[in-house]
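Number of protein chains: 4
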Amino acid sequence: MTVAPVPWPNGARCAASFTFDVDAESALLGVDTSHADRMSVISHQAYGPLTGVPRLLKLLAEHGVTSTFFVPGYTALRYPDVVRAIVDHGHEIAHHGYLHEPMRGKTEQEEAAILDRGLDALESVAGSRPVGYRAPMWELNWHSPKLLHDRGFLYDSSLMDTDHPYELAVPDGERLVEIPIQWALDDWEQYCYVPEFSGSGLIESPVKAIQMWKLEFDAMRAEGASWVLTNHPFLSGRPSRARALDGLIEYVRSHDDVWVASLREIASHVRSLGLAPRSVVRPDPADF
Amino acid sequence: MTVAPVPWPNGARCAASFTFDVDAESALLGVDTSHADRMSVISHQAYGPLTGVPRLLKLLAEHGVTSTFFVPGYTALRYPDVVRAIVDHGHEIAHHGYLHEPMRGKTEQEEAAILDRGLDALESVAGSRPVGYRAPMWELNWHSPKLLHDRGFLYDSSLMDTDHPYELAVPDGERLVEIPIQWALDDWEQYCYVPEFSGSGLIESPVKAIQMWKLEFDAMRAEGASWVLTNHPFLSGRPSRARALDGLIEYVRSHDDVWVASLREIASHVRSLGLAPRSVVRPDPADF
Amino acid sequence: MTVAPVPWPNGARCAASFTFDVDAESALLGVDTSHADRMSVISHQAYGPLTGVPRLLKLLAEHGVTSTFFVPGYTALRYPDVVRAIVDHGHEIAHHGYLHEPMRGKTEQEEAAILDRGLDALESVAGSRPVGYRAPMWELNWHSPKLLHDRGFLYDSSLMDTDHPYELAVPDGERLVEIPIQWALDDWEQYCYVPEFSGSGLIESPVKAIQMWKLEFDAMRAEGASWVLTNHPFLSGRPSRARALDGLIEYVRSHDDVWVASLREIASHVRSLGLAPRSVVRPDPADF
Amino acid sequence: MTVAPVPWPNGARCAASFTFDVDAESALLGVDTSHADRMSVISHQAYGPLTGVPRLLKLLAEHGVTSTFFVPGYTALRYPDVVRAIVDHGHEIAHHGYLHEPMRGKTEQEEAAILDRGLDALESVAGSRPVGYRAPMWELNWHSPKLLHDRGFLYDSSLMDTDHPYELAVPDGERLVEIPIQWALDDWEQYCYVPEFSGSGLIESPVKAIQMWKLEFDAMRAEGASWVLTNHPFLSGRPSRARALDGLIEYVRSHDDVWVASLREIASHVRSLGLAPRSVVRPDPADF
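So the protein lines, in turn, are chains A, B, C and D. Under UniProt numbering, read the first sequence as residues 1 to 288, first letter to last. Under UniProt numbering, read the second sequence as residues 1 to 288, first letter to last. Under UniProt numbering, read the third sequence as residues 1 to 288, first letter to last. Under UniProt numbering, read the fourth sequence as residues 1 to 288, first letter to last.
These are computed hints drawn from the structure, not numbers from a lab. The structure presented is a predicted model; accordingly, all values stated were derived computationally and were not measured. Be careful, since some hints might not be right.
A few chain A positions that, by computed beta-carbon distances, are all more than 10 Å from chain C [to be verified]: (1) M39; (2) Y74; (3) G152; (4) P239.
A short list of chain B residues far from chain D (calculated; beta carbon distances all over 12 Å) [to be verified]: (5) G64; (6) T66; (7) E123; (8) N141; (9) G199; (10) A219.
Straight-line alpha carbon distances no greater than 16 Å define the calculated EDC-like cross-link-like pairs of lysine to aspartate or glutamate that follow [as the list claims (entries may be wrong)]: (11) D:K214 / D:E265; (12) D:K58 / D:D88; (13) B:K106 / D:D88; (14) A:K106 / B:E223; (15) B:K214 / B:D172; (16) A:K58 / C:D257; (17) C:K58 / D:E223; (18) C:K106 / A:D256; (19) D:K58 / B:E223.
Glycine included, every Cβ here is placed at the ideal spot set by N, Cα and C.
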């Protein structure tokens, strides 16, 4: 039942992707629109597109790294110039909900409407339809894969049951490339504190976060896996965190056998392998 | 009233056991079956049996270490191949509830039914009845020891009042070997984050977790105690954590005077010593 | 839309300010006046003015550093000698609410009354009107900037969308200097624990806090930014934290190209630059 | 208004005291007696008197350190042999409530009854009346000092507004020696996790806790203060934590100019100085 490692292009040993979720204000507004009344909190989230993204684009350019930015539709409409700058730098824009909606408990119809609204927003701003999706709060529903496939998505990046990408079986014999993520490779748990919204108050040093991400990189490289880091510009765009990320990119790129790529590139490669799709199996309530 | 250290076989100075709780989806479903609707969260828990267990089995085999895996009945039914692989590698399968039920407040009848359902599931999948038990969430009730004894269990591993195993007095003059555990030797507090289920969001580096477990090993070795580490494959099966655990196993095994064993082996040894049973005394509400 | 770095006086590369929020008892009483009944908790907060401030004043004097102290009006009335000692040491007294009121959801009229009450208290104790404001809990409302401008404030320090100070556009063509802060440069998240009030229980070592603040200083210096540290005397006035802060001040001052200043000095400098004001844009609920 | 340092005996530069709160089961039962139904949780708390105290008594004896143990009355009645062993080792037994009752909101009459019940319990078990008090959860009420003075207590150790002991003014011209404590010198925040009772799940390494306590010792020594560490045997009695504490005691004792003493010895010394009493001032609700 385990997922076999996939072969990587040009004999690479593993893949690595530095991805960014540009949640900005959407992360809060999707949970409770009354956060819009909080000027300081809004400014905290606006740091992402206003200050974090430009800094991170510069950083990625210096390393020649192409990456994937997951952008809620509302964020794209609020910051069209930021999204266009990301595109102009050669990065991928992917789908991350309209208002970073918590997807738990959403019906298929509700989720479809959100997906379509986000698609429209991204297409109008970025000029092309995204092929990748990441569920807000990494909360995929069982009906989500088919909704994604029906809208022409190539891949999703919201599941966590293995270290390797695979073809996820979708009802009616279809498939969707799945590129797994994990909580330990996310900057939110390390850095995020927004009063009356998120976090216990703990804010970690970049030294600790980078140490942990580097150890996971080393171990995933040995496994031939796909190491997918998720950073949020409103968090990791802060100066010392960006600088620490700079060191991590340097470290990852210092390995000749690592394929640093966007998720679209990884998904296209996986699709080209013609893998047999596998299912993620829903627990049956009748068993409890 | 203190518990005297027990002598260990072949003049060993202390015992050490690397145990694994294969909670998988049960840990969430036992609390609230609506978690079954959450595809990403289910995949996060499925990482344990699908990816973590195979990696950890390989790791244990490389070190020649035999261990104990506590498996909820539902997990065994959902992943029979995984359980059989654990057995095939020579490890012990022990009882961990049916759906990792929170046992606080359960009546004797309710708990008996859960124990029996778990026993049936494990016996049908693993091919033999388990002799060891660990309460889900380490929450033993005062009626639990007799229920366990009546079902032929040799040992329990859910109490925390000492550093050494002992014979626990069970009503009607019976006994049950108790092998203590402790929160600081559990990976859950160090690594677990599942939104809307568990954790404040803190995720520690394996460097910190291993440092803490190693210090406790050193100190417990000096005390002649039984050092029992509890890891969850959905957490410690992740690459960098498994690698850190690899280093810890190497370290523990580098001591000639440490007996690395499964809990069944430890319990059998303790039973062979013919120790006088002791009681854990319930506080009397009339005293308050 | 990004905020350009400002030029600093005398060719300095960046600015640094060690600011102190003298919340004392107000931080708790503003949330729930019943905390007044808790003698130990009140003494915990009183540590700030009674013990922390004198120690920190001595420390700042040794380094020849002039700084800004944000003082709730009630704290000033309760500890007038402490406020006068701060003034006598050449530091700036700035506004921090009357009773450190949580400002979320406060109407314009309610907030105006609090601002006026705090102004009266500070003026009566310190002998002059403050020109700087920091919202309690860094919670500015959208109506706050105009209220501040109308009362003659020169600057605010409660927003977080950039690393550089700027002129914030205020309705009716007015302006207010904004000097941004951030959660990672605050001692509250690192050190504060008050049962039944704040904190998960985590208390960090000064080694970790100072490491993080130093890394952010290094990175912000490279960016030409304004590094603004916020400490609370009831927290960072404790001996080992004050000593660690001592080392940090020494480190910051060891750079010849850093302008260490009070926020009033920084604000006056920014005002002198004649910058075009920019807006922080409120999300429009109609967009969601 | 600040508290002046006191001179120490024999020209010592500062005082240091290793104190222990033997909360055991009382810490939970005082909050909710239904915790008595939880066998594992009770065993977790019982670790203190059963395993932690004997280990810590041995450790203190090796260093020749005399200390203070705060014992709830119920704990003394449940573990009389443990209390007598503490006395036999030459340590002080002090008052810590009857069932570690949360004191917030308790009336004078309720608190008086608890104090008397605890006094009776300690006197009957330890053979003498305690002269020291520490409020459960460090929660002193404004009426507590007089209640303590009326019962003949020499000192309290529950306030936090300074680094030095002092004479606390009690109504009617009386006094009580106060020996301050602080949250950063408590092992509970570093180590305690009890599901459905306390803690976010974070468990720190002894390396981190000891580092923090050592830094505070160094800084308080420089201030001529009284460094009072609070450990709980159910937490710091664990092997690696006791070993780390061993190193800390060694470190503290390696300074010739430090007076290591019990709180009773410190209080007696302070009383002998004939200091003018000072008040801790209650905030006046009319001011809000």
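Here is how each hint holds up against the structure:
1. M39: violated, 4 Å
2. Y74: violated, 6 Å
3. G152: Its Cβ never comes within 10 Å of chain C, the nearest being 26 Å, so this holds.
4. P239: violated, 3 Å
5. G64: holds, 26 Å
6. T66: holds, 24 Å
7. E123: Given a closest Cβ separation of 25 Å, the condition holds.
8. N141: violated, 6 Å
9. G199: Violated: least Cβ distance 6 Å, not greater than 12 Å.
10. A219: violated, 3 Å
11. D:K214 / D:E265: Cα-Cα ~22 Å, so violated.
12. D:K58 / D:D88: OK: D:K58 and D:D88 at ~12 Å, within 16 Å.
13. B:K106 / D:D88: Violated. B:K106 to D:D88 sits at ~42 Å, over the 16 Å cutoff.
14. A:K106 / B:E223: violated, 55 Å
15. B:K214 / B:D172: Violated, at roughly 40 Å.
16. A:K58 / C:D257: The given pair, whose Cα atoms are some 25 Å apart, is violated under the 16 Å limit.
17. C:K58 / D:E223: holds, 13 Å
18. C:K106 / A:D256: violated, 57 Å
19. D:K58 / B:E223: Measuring from Cα to Cα gives roughly 13 Å; hence the hint holds.
Checked against the numbered hints listed earlier, the structure breaks hints 1, 2, 4, 8, 9, 10, 11, 13, 14, 15, 16 and 18; every other hint is satisfied.
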